[in-house]
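Enquirer: Below are the chains, spelled out letter by letter.
Protein chains: 2
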Amino acid sequence: MTSRSRMQGVFSPVLTPFHADLSPDPDRFVRHCRWLVAQDVGLAVFGTNSEANSLSVAEKRGLLDGLVAAGIPAGRLMPGTGACALPDAIELTRAAVAAGCGGVLMLPPFYYKGVSDEGLYRAFATVIDTVADDRLRVYLYHIPPVSQVPITLSLIDRLLKAYPGAIAGIKDSSGDWSNTAAMLERFQPQGFDVFAGSENFLLANLRGGGAGCITATGNVNPGPIVRLFKQWRDDDADTRQSALDATRAAFAQFPMIPAMKAAIAWKTGRPDWATVRPPLVELDARQQSALHAALDRVGFVLPDAQALA
Amino acid sequence: MTSRSRMQGVFSPVLTPFHADLSPDPDRFVRHCRWLVAQDVGLAVFGTNSEANSLSVAEKRGLLDGLVAAGIPAGRLMPGTGACALPDAIELTRAAVAAGCGGVLMLPPFYYKGVSDEGLYRAFATVIDTVADDRLRVYLYHIPPVSQVPITLSLIDRLLKAYPGAIAGIKDSSGDWSNTAAMLERFQPQGFDVFAGSENFLLANLRGGGAGCITATGNVNPGPIVRLFKQWRDDDADTRQSALDATRAAFAQFPMIPAMKAAIAWKTGRPDWATVRPPLVELDARQQSALHAALDRVGFVLPDAQALA
Numbered sequence: 043m044t045s046r047s048r049m050q051g052v053f054s055p056v057l058t059p060f061h062a063d064l065s066p067d068p069d070r071f072v073r074h075c076r077w078l079v080a081q082d083v084g085l086a087v088f089g090t091n092s093e094a095n096s097l098s099v100a101e102k103r104g105l106l107d108g109l110v111a112a113g114i115p116a117g118r119l120m121p122g123t124g125a126c127a128l129p130d131a132i133e134l135t136r137a138a139v140a141a142g143c144g145g146v147l148m149l150p151p152f153y154y155k156g157v158s159d160e161g162l163y164r165a166f167a168t169v170i171d172t173v174a175d176d177r178l179r180v181y182l183y184h185i186p187p188v189s190q191v192p193i194t195l196s197l198i199d200r201l202l203k204a205y206p207g208a209i210a211g212i213k214d215s216s217g218d219w220s221n222t223a224a225m226l227e228r229f230q231p232q233g234f235d236v237f238a239g240s241e242n243f244l245l246a247n248l249r250g251g252g253a254g255c256i257t258a259t260g261n262v263n264p265g266p267i268v269r270l271f272k273q274w275r276d277d278d279a280d281t282r283q284s285a286l287d288a289t290r291a292a293f294a295q296f297p298m299i300p301a302m303k304a305a306i307a308w309k310t311g312r313p314d315w316a317t318v319r320p321p322l323v324e325l326d327a328r329q330q331s332a333l334h335a336a337l338d339r340v341g342f343v344l345p346d347a348q349a350l351a
Numbered sequence: 043m044t045s046r047s048r049m050q051g052v053f054s055p056v057l058t059p060f061h062a063d064l065s066p067d068p069d070r071f072v073r074h075c076r077w078l079v080a081q082d083v084g085l086a087v088f089g090t091n092s093e094a095n096s097l098s099v100a101e102k103r104g105l106l107d108g109l110v111a112a113g114i115p116a117g118r119l120m121p122g123t124g125a126c127a128l129p130d131a132i133e134l135t136r137a138a139v140a141a142g143c144g145g146v147l148m149l150p151p152f153y154y155k156g157v158s159d160e161g162l163y164r165a166f167a168t169v170i171d172t173v174a175d176d177r178l179r180v181y182l183y184h185i186p187p188v189s190q191v192p193i194t195l196s197l198i199d200r201l202l203k204a205y206p207g208a209i210a211g212i213k214d215s216s217g218d219w220s221n222t223a224a225m226l227e228r229f230q231p232q233g234f235d236v237f238a239g240s241e242n243f244l245l246a247n248l249r250g251g252g253a254g255c256i257t258a259t260g261n262v263n264p265g266p267i268v269r270l271f272k273q274w275r276d277d278d279a280d281t282r283q284s285a286l287d288a289t290r291a292a293f294a295q296f297p298m299i300p301a302m303k304a305a306i307a308w309k310t311g312r313p314d315w316a317t318v319r320p321p322l323v324e325l326d327a328r329q330q331s332a333l334h335a336a337l338d339r340v341g342f343v344l345p346d347a348q349a350l351a
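Chains H and X are the protein sequences, given in the same order. Residue numbering for the first sequence follows the working numbering, starting at 43 and increasing by one per position. Residue numbering for the second sequence follows the working numbering, starting at 43 and increasing by one per position.
Check each hint, because a few of them may be wrong.
[Claimed, not checked] Selected chain X positions facing chain H (Cβ under 7 Å, derived; list incomplete):
{"id": "1", "residue": "Pro129"}
{"id": "2", "residue": "Asp130"}
{"id": "3", "residue": "Lys155"}
{"id": "4", "residue": "Gly161"}
{"id": "5", "residue": "Arg164"}
{"id": "6", "residue": "Gln230"}
{"id": "7", "residue": "Gln295"}
{"id": "8", "residue": "Leu322"}
{"id": "9", "residue": "Glu324"}
It is worth saying that the hints were derived from the structure and are not from the lab. By construction, the Cβ of each residue, glycine as well, lies at the ideal position given by its N, Cα and C atoms.
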């Protein structure tokens with residue numbers, strides 16, 4: 043153990059369940075979080091796959107309060123708190139720290155494109171300086187395919203030098219292993235925890251000294267992913283990695299968020315689980331049938347599905 | 043005149059003045075809007091060049107209330123109300139309609155990329171159906187270089203058929219004249235008003251039957267742009283268009299928002315006008331000198347600059 047408590051292992055950007063009228067369903071959200079924690083999955087609520095950027099700040103704060111009130115362990119929570127507008131990022135980050143969250147996962151401001159590292163440095167620094175709380179642990183969120191605003195190695199270097207206590211790690215969702223490898227080599231030895239952005243890179247990341255992964259499919263395939271995290275030194279690790287990849291690939295034939303929600307709706311018998319907020323769209327009947335077939339082919343099981351119903 | 047009052051002419055995404063602590067300066071904002079209206083420029087407050095996506099919903103509502111309270115004519119206001127999260131877009135749109143704004147300029151939800159026209163249709167439809175007010179006039183905001191989420195011709199067609207009263211027009215900031223020309227041909231005859239996204243295409247747009255332009259440089263070069271709008275049938279129109287292009291090019295050598303703010307800071311002698319919110323960064327001293335030289339070369343004048351000080 044280092045002097046500070048570190049977040050490690052498998053985390054999931056927790057799916058946000060909606061009612062048919064598109065309002066969030068806080069009760070199902072609590073049950074889903076409880077189900078994930080029971081399977082040793084940490085809670086990266088309000089991530090990309092949570093449709094977090096389709097939620098208002100007030101909705102996110104309400105859902106977070108609900109989790110804490112329901113006894114979800116705050117130390118397992120790594121809410122997404124990055125936003126285009128600094129006041130929003132500050133408000134969410136402050137609320138997360140006040141709630142005792144183990145860390146926050148922070149997108150850069152993502153509307154303006156082609157911005158400089160200096161501008162992004164100021165954005166992160168303003169949040170950290172304004173929240174001004176020693177408990178704050180920031181995990182940077184590098185997801186250029188979606189945000190279109192990358193977090194470069196030189197930006198990490200500068201932030202880590204300026205805020206060695208607050209800057210705790212990164213989720214690398216670039217899909218570019220050479221980038222993750224560079225982060226592992228340069229920053230992981232300084233206690234900057236590198237999380238792979240999907241389980242596809244889990245084994246490679248652990249072999250490189252990384253902290254685990256934060257992965258969409260943690261929502262639906264938690265057991266096997268956590269098992270690889272715990273037993274990655276075993277002889278059959280590569281075989282297990284291949285099995286994880288096959289399950290992920292079955293989902294990834296479809297838009298991921300609607301597909302994961304459709305799988306839960308199918309296995310729980312609760313059709314409202316399939317609801318997504320615009321601009322996302324539910325899978326149509328043909329896609330659903332194809333998803334079911336693809337999941338059957340890889341032997342997909344949603345454990346203890348009734349806990350999510 | 044058609045049966046509904048239409049917004050036409052030159053609009054500007056109004057720059058948002060900040061204090062040194064990065065909070066908005068509502069008094070300078072009112073003065074800037076008053077200055078623009080006096081020069082016949084409409085007020086597309088909370089646009090891209092307003093750093094609107096760096097403002098919280100509460101900040102935008104406060105600034106809008108301040109404009110109306112100060113007597114800025116609401117019919118000249120076309121606030122940006124699009125947002126990633128539908129509740130935010132609904133709240134801002136409802137506030138704009140309640141304030142009597144002539145229209146709203148609506149970005150699509152822009153975090154998730156590669157989304158379908160069906161998903162974007164549902165996003166716009168949800169806002170219109172929820173606001174549910176006959177006074178609502180929506181101008182779609184197509185700016186793929188920044189939002190990375192385009193508004194296609196088929197999406198416009200579908201929205202216009204479903205909401206012929208509410209869907210009023212578009213700002214085309216694609217920078218692709220063939221796209222603007224296609225919109226003019228297909229939709230302008232239906233009373234769907236096409237605004238060019240910069241004055242570079244003002245003359246072409248007017249010759250094609252369009253409604254005007256919504257342009258960043260309206261903030262700093264209003265007179266000549268409005269003159270071309272009013273006298274575009276005159277013999278010297280092409281010469282005037284060339285002069286507008288030269289002034290814009292002088293700004294566009296630099297990041298546009300910091301450059302326009304730097305020009306106002308220079309001409310008013312108020313250095314705080316240069317302040318931008320992260321992730322943007324002010325021009326450095328070398329860039330400022332280069333900007334001053336470039337503006338002097340094109341004979342740039344900021345009329346009645348002291349009204350903005």
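Enquirer: Work down the list of hints and note, for each, if the structure agrees.
Expert: To see whether the hints hold, each was checked on the structure:
1. Because the closest C-beta pair between Pro129 (chain X) and chain H is about 4 Å apart, less than 7 Å, the hint holds.
2. Interface hint at Asp130 (chain X): satisfied, since its Cβ lies 5 Å from the closest Cβ of chain H, which is below the 7 Å cut-off.
3. With its C-beta approaching chain H no nearer than about 6 Å, Lys155 (chain X) sits inside the 7 Å limit, and its interface hint holds.
4. At its closest, the beta carbon of Gly161 (chain X) sits 4 Å from a beta carbon of chain H; the interface hint therefore holds under the 7 Å criterion.
5. This hint holds: Arg164 (chain X) has a C-beta 4 Å from the nearest C-beta of chain H, less than the 7 Å allowed.
6. Checking Gln230 (chain X) against chain H by beta carbon gives a least distance of about 26 Å; that is not within 7 Å, so the hint is violated.
7. Look at Gln295 (chain X): its Cβ only gets to about 15 Å from chain H, farther than 7 Å, so that hint breaks.
8. Satisfaction of the interface hint for Leu322 (chain X) is found here, the shortest Cβ-Cβ separation to chain H being roughly 6 Å, below the 7 Å cut-off.
9. The closest approach between the C-beta of Glu324 (chain X) and any C-beta of chain H is roughly 10 Å, which is over the 7 Å cut-off, so the hint fails.
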